[in-house]
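Enquirer: Take a look at the letters that make up each chain.
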Amino acid sequence: MKRRLSLALVATLLAGCGQQAAPTAAPGTGALPVDAAAVAAERGLTADDVYAAVSTYQPSGRMDDYILFSSGGQAGQVFVIGVPSMRILRTIAVFAPEPWQGYGFGDETTEVLRGGDMPDGTELNWGDTHHPNLSETNGEYDGEFLFINDKANARLAVIDLRDFETKQIIKNPNSLSDHGGSFVTPNTEYVVEGPQYATPIGWEYAPVEEYNDKYRDLITFWKFDRVAGRVDEGQSFQIELPPYWQDLCDAGKAVSDGWMFCNSINTELATGGVEDGNPPFEAGTTQNDTDYLHVINWKKAAELVAAGKAEDINGIQVLPLDVAASEGVLYFVPEPKSPHGSDVTPNGAYIVVGGKLDPHVTIYSFEKIQTAIASGGLETDPYGVPVIPLDAAKEAQVELGLGPLHTVYDDQGYAYTTLFLDSAVARWTLGGEYADKHPEEPWTLVQKLPVQYNVGHLTAAEGDTMSPDGKYLVAMSKWSIDRFNNVGPLKPQNFQLIDIGNTGEHMRVLYDLPIGIGEPHYAQIIKADKLKALEVYPEVGWNPDTWSVDPNAVLDAKDARVERNGNNVEIWMTVIRSHFTPERIEINQGDHVIWHLTNLERTPDATHGFALGGYNINLSLEPGEARTVEFDATQPGTFIYYCTEFCSALHLEMLGYFLVKP
Amino acid sequence: MFRSILDPDVRVLLPDGTSRRLIDYLLPSALMMLAALLLSISIFLPYWSFKMNAPQYPKGLRVDVFVTHLAGDVEETDALNHYLGMPPLNDGGQLERSISALAITSMGLLLVASVFVHNRWAALLSIPVVAYPLVFLADLYLILYRYGHSIDPNSALGGAIEPFTPPLFGEGKIGQFGTLAAAEPGLYLAVLASVVILIGLYFHRAAYRPIVEARRRLAAERAAA
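Read top to bottom, the protein sequences are chains W and V.
In terms of my numbering, the first sequence opens at residue 1 and continues consecutively.
In terms of my numbering, the second sequence opens at residue 1001 and continues consecutively.
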C-alpha cells in the first residue's frame, strides 16, 4: 500500500519521465514539492527511482531501523551498515591490524590479534572473513556478541557488541581451512566452525595419494561462555568427518534444535592434479550427481564427548568418525549437483539446500529425516556413515533458475534464494505451516528480481531467526562491472537493498552500496534497538579486555608519573583535551618501556589517539579507556608522541617529546 | 475525618475567660511544620542549574547545584573550563556543601521548636529559614564571583579573558556556548518555606497575641486590685 501511495504521489509530478505513472495523486497525501520534482526531472529519475530515494533517505540525525553486520572478506574486518539508508557506520577490526581503531599497534589489542597466530608463532595479519553470526537467545538475535570465521586459516573471532571490539581470536588447533562458520546454536551454547578443504588432522604432512585414509575434515563446536564473553576451548569439541569438503552449516531450531546441517561438495574425493593429467578440482568435484547433506546430532555428540568417547588431539576433544557414524551422531542425505547453502526455515521444520549446477532448491523435512533414522536399515557410505535416501527425506524441490546458492526467510512465508548464474534473487513460497501466510501455492517460484551481478549471499532483516521481520533484504553481489564510477581494474562489490515488504511480484531494488574495502560474503541484519552499545566506557580507566577498571589506570593527572626500575621504565599517563600528562619523557636507549595511558574523558566521541612516531605505535583511546603499550626503546633520538584523533581546537598542540638518550 | 482532626466543637479557654477555636492554634503550628518539611525535601532537589548549549553538544551540558553536591556534566564542564583557566567546579562552595545538610536540619528543628514558643520570640527562631533563600543566593553569587575572578593566566585562553561574574539567572554567552542559569525546585521549595513561615507567623500572632494580652490585662487587673 505504501508503495502504491508513494508512486501515485510522485507520478503526477513526474509526468513524462515516470515509467509506471498512475493517473492521479491519491487524495490527502500532499504533493512532492515543485522544486524536488524539478530536480527529479532534471536528473532523469523515474517514479521508481523517487520511490527508492524516499524509501532509503535518512535526514541528518535520523537513525536506521536495522543494523547490518557484514563480513569484510579479505579485509579481515566486519562492516557495520545502517538499513535502509545503507550508510557505512564503521568497521570492526578483527583479523588484520587497523590503525584508526588502534588495533594491533602495540597495546592489548595486539595480544588479541596475536592470539590467533599459528602454533609455531608465525604471525597471521589478515583473515578471509566469511560468515558473521550474531549471538542468539531462544533462536532470536540478542545483540550481545558477534562471531566471525577466517576461512584462510581456520580461525574464529568473538566481538563484544557492548563496545564493538574484538575480544578473542582462536586458531583452530587441528584445521587449516574453514568455511561453515561461525554459525550459532539457538542459545549460543556453541559457535560452530564448519570445515572446508580437507587436510590431515593438525595439517601434518601427508602425500595427497593418502587422501582417503589420512585427510579429514573436522567440524568444531566452540563452547561459548556468555558470562566471560569468550570461547572456552577446554569445553569445546570437534567431530571427525570424511574429507568431503563440508561447506555451509546451519543450526536446527525449535523441532530440530540439537541438530546441525551442513552441505558438502567433494564426495568425489577429488585431489586435483591437473598438471598430471588429472581432472582439475573444478571438474573432479562435480562428477557426482549428488553430494551429502550432513545431518549432525550435536547434543548427542556433546554427550559422547562428556562420556569420554572423544580423544584429545592438540588440546581439544575430537570425536572419531567411526564413533560419530555408529553412535547416531552423523547421517548423510544426498543433495543435488554441487550443493551450496544449508538454511533452516524459521520454524526449524525444513532445511533448504541450493545446487550450483542444479536449477532447484531441495527442501528437506526434519520430520522425514527423523522417521528415516528411526526406521533404521540405512546403507552406509565408504566411511561407515548411514545414508538416508533423498526421496525419504525430501519435502519438495522448487525450480528457481540457474545457480541457486543461499536462502533466507521473511515473515510472510516466503523464502529468498540467490541465483548466482542468473544474477537474480528468487522469491518462492514455503509450504507446511507457512502455506496460509502467502496468497500463492506452496513450493512455487513467485518472482525473480535481477540484481547486479553474480550475487553470492543475501540477508534479510532478522532473516536467520525464528521470527524474521521481512521488510528488507540485501543481495550481496560479487561483481559490479558497470554499476559505479570506474575506479580501476579492482571493482567494488555491490550491496543491493531490496524492498520485500509487499507480497507477490513486488520486490524491487532500492539502493546500491558499493563496497570497496574487501569482498564480503555473508551478513546478518538485526533490529537496531536490540543493540545496547555503550556511549563511553562505564568508568574512567576501563580496560575493554578485562571489562573492569585497569589496575594501572591513572584516574587523576596528579598521579601521572614515570618510574624507573633498572632498565624498565614504566609510564603512567593521563590523556584529556588537549594534553598528555606528562609531556616530556626522557629515557635511555635500550630501556624497556611499559606505557600506561588513561583517557579521562567522559564525553561521547571525545576519543584521543596516541601515536609514537618511528616506533610503529598508534592507539585509539576512547572516553574512559585505559591501554598499555610495551616496547623496547631500540632507537635513540628525539621522538614525538601526539594525538591522532582530532579532539579539540587545540588538538594540534596535544603532543609530547619522547627523548631516548644514546 | 477532617472534622475529628480539626475538632471545630473544641475551644481553647483563654486566661481572661474568653475562648477561641482550637483550629486557630493548630493552624500556625501546622504551617511551621509544613515549612520544616518543605525545607527538608529541598535537600534532595537541585537549587540552581547552569546549562550550556553549543553545536557539538546536541543534548547540551547541564550542571545541577544541590546544597550537598554538584550533579550532571561536571567533568565535561571542567574539561572545557580548563581552557579558560577556570578552577574546577567542585572547588567552589566546599565548606557550604559540607555543612549544608546539618545546617538545614538545624534550621528545620528551630522551626519545630518555634511551635512550642507561644509569643513573639517564635519569629526569632524562624528568621534563619526566612532569610535562608537570600543567604543561599548571596553565597552563590560570591562563589560565582570568585570563580570568574580566579582565572589562571597561564591557561590556553586565560590571558584573553577579563575577570567576570557568571550571571545568577538568565542567559549568557561564552565562546560558542549559550548559557542559561536558572533556579530549580529546591530553591523554589526554600522560598515557599519562607512564605509559609510568614503566613504561619501571621496566624501565630493572631492566635497567641490574645493570650499574651489577656495575661497582661489580668496582671494589670490584679495589680489594680
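Rather than coming from a laboratory, the hints here were simulated on the basis of the structure.
In this text, a Cβ means the ideal position worked out from N, Cα and C, and glycines have one as well.
Take these hints with a grain of salt, some might be off.
Unchecked claim - Using C-beta positions, here's what the derived DEER-type ranges look like:
id, chain 1, residue 1, chain 2, residue 2, range
1, W, 566, V, 1135, 58 to 68 Å
2, W, 557, V, 1135, 52 to 62 Å
3, V, 1097, W, 36, 35 to 45 Å
As the list claims (entries may be wrong) - Computed far set for chain W versus chain V, every beta-carbon distance over 10 Å:
id, residue
4, 61
5, 114
6, 120
7, 205
8, 211
9, 212
10, 284
11, 367
12, 479
13, 501
14, 529
15, 576
16, 649
17, 650
What the hints assert, rightly or not - Below, in silico cross-link-like pairs of lysine-lysine (DSS-like), each with a Cα-Cα straight-line distance of 25 Å or less:
id, chain 1, residue 1, chain 2, residue 2
18, W, 337, W, 309
19, W, 532, W, 471
20, W, 337, W, 368
21, W, 532, V, 1173
22, V, 1059, W, 530
23, W, 394, W, 448
Enquirer: Does residue 212 of chain W sit more than 10 Å from chain V, CB to CB?
Expert: holds, 65 Å
Enquirer: Taking 35 to 45 Å as the stated bounds, is the beta-carbon spacing between residue 1097 of chain V and residue 36 of chain W within them?
Expert: violated, 57 Å
Enquirer: Decide, holds or violated, for the assertion that all CB atoms of chain V are farther than 10 Å from the CB of residue 114 of chain W.
Expert: holds, 35 Å
Enquirer: Within 25 Å, alpha carbon to alpha carbon, are residue 337 of chain W and residue 368 of chain W?
Expert: holds, 21 Å
Enquirer: Starting from residue 1059 of chain V, check that the Cα of residue 530 of chain W is at most 25 Å away, please.
Expert: OK: residue 1059 of chain V and residue 530 of chain W at ~23 Å, within 25 Å.
Enquirer: Using Cβ atoms and 10 Å as the threshold, tell me whether residue 650 of chain W really stays out of contact range of chain V.
Expert: violated, 6 Å
Enquirer: Measure nothing beyond the straight line between the CA atoms of residue 394 of chain W and residue 448 of chain W; if it is 25 Å or shorter, mark the hint as holding.
Expert: It holds: about 24 Å lies between the C-alpha atoms, which stays within 25 Å.
Enquirer: Checking the smallest CB distance to chain V, is residue 284 of chain W really beyond 10 Å?
Expert: Residue 284 of chain W clear of chain V: closest Cβ-Cβ about 61 Å, beyond 10 Å.
Enquirer: Tell me if the beta carbons of residue 566 of chain W and residue 1135 of chain V are separated by a distance inside 58 to 68 Å.
Expert: holds, 60 Å
Enquirer: Far enough from chain V: is every CB of that chain over 10 Å from the CB of residue 61 of chain W?
Expert: violated, 8 Å
Enquirer: Any Cβ of chain V at or closer than 10 Å to residue 211 of chain W, or is the non-interface label fine?
Expert: The claim holds: residue 211 of chain W sits with its nearest Cβ about 62 Å from chain V, beyond 10 Å.
Enquirer: Measuring Cβ to Cβ, find out whether residue 479 of chain W lies farther than 10 Å from everything in chain V.
Expert: holds, 41 Å
Against the hints set out earlier in the document, violations occur for numbers 2, 3, 4, 15, 16, 17, 18, 21.
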